[in-house]
Amino acid sequence: MNSNETSSPASPASVGSKTLARFSDTDSLFVKVEAPVPESKTPVIPLVRFQQLEQEIRHAPAVAEPYEELAKIYLQSERWTDARRVLDAGIKNCPEHEPIVRMHEDLQLTLATQLLDSAKKECAQAPSEKTRYDLEQAEVNLLNERIRVCKDRFARHPDQTEILITLGIALRQSKRFDEAVDVLRTASKDLMHRSRASLQMGMCYQAMGKPLDALSQFRRASLFRSPPPDVKVAVTALELASKLAEEAGLIDSAIYYLTELAKRDPREAVKIEREIERLKPLLPVPPASA
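In this note's numbering, each number is its position in the sequence shown, counted from 1, plus 165.
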């Protein structure tokens, strides 16, 4: 997964805490907008089929199917310029045909991702003020494309709540935290997505400097009973909660979150137990009885 965050390190003040930076990109845990990346090269298509489809489009520009078939061929062949030409024409002449709309959106995301990959390589090979600026612009461009696609797709399919998770992540990564929280709060009304939405809301609140709100959301993300959260979501929420509670001086809460973490991540139980033992001396000493 390519990180969409800016490459310069963020200060605790701008991100919320050093801990949050470790989890600045958790897209791999969530539903993402799919891009048309073929698993393997397709067989060579006879030239006559290209010609037939191009001719069909010229003679009947309002018919959607030739655009769809020809665009698929170009996408599978990674002929991005031809694919964009066909899909641009398809969108213009058949704007209500959902398969063409989705392919057009996915292509825009693919091209933005390619630009980001190219900018990363260029910055790594020849670091300079210009290449770092180009990288930041490519990251912003990809985030903006994801936000646009998610908003458009959800407007067409308001029943697909998982799109809001992707939108919330992109808004958070764009540091549009208030917008992200509003979107994620809507997503959290869906029982199947509320844990993921709560985790992302917690990350937003932490970045906004609201640790208590963040802790509340991390707790919700990890402890929902029905349906239970995905293990990766719960583990991430508990790790963030334990570190944030420690930073806030809530040592008893930090120990509680670590104890819960050990239940969900038994492979790390020994390491987690060491963390608990480290924190125990920091617990406030109860007043001596008279």
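Hints in this document: simulated from the structure, not taken from any laboratory.
Where a beta carbon is used, it is the ideal one built from N, C-alpha and C, also for glycine.
One or more of the hints may lead you astray.
Taking lysine to aspartate or glutamate pairs in the EDC-like style, the calculated list, with each CA pair at most 20 Å apart, reads [to be verified]:
| no. | residue 1 | residue 2 |
| --- | --- | --- |
| 1 | K316 | D299 |
| 2 | K397 | E425 |
| 3 | K397 | D355 |
| 4 | K397 | E433 |
| 5 | K354 | E310 |
| 6 | K340 | D355 |
| 7 | K257 | D282 |
Label pairs and their calculated CB-CB ranges [said to hold, decoys possible]:
| no. | residue 1 | residue 2 | range |
| --- | --- | --- | --- |
| 8 | E433 | E243 | 40 to 48 Å |
| 9 | K445 | M357 | 45 to 53 Å |
| 10 | M373 | E230 | 46 to 54 Å |
Evaluated hints:
| no. | hint | result |
| --- | --- | --- |
| 1 | K316 to D299 | violated, 26 Å |
| 2 | K397 to E425 | holds, 13 Å |
| 3 | K397 to D355 | holds, 19 Å |
| 4 | K397 to E433 | holds, 13 Å |
| 5 | K354 to E310 | violated, 26 Å |
| 6 | K340 to D355 | violated, 24 Å |
| 7 | K257 to D282 | violated, 29 Å |
| 8 | E433 to E243: 40 to 48 Å | holds, 41 Å |
| 9 | K445 to M357: 45 to 53 Å | violated, 38 Å |
| 10 | M373 to E230: 46 to 54 Å | holds, 48 Å |
This entry does not satisfy hints 1, 5, 6, 7, 9, going by the numbered hints stated previously.
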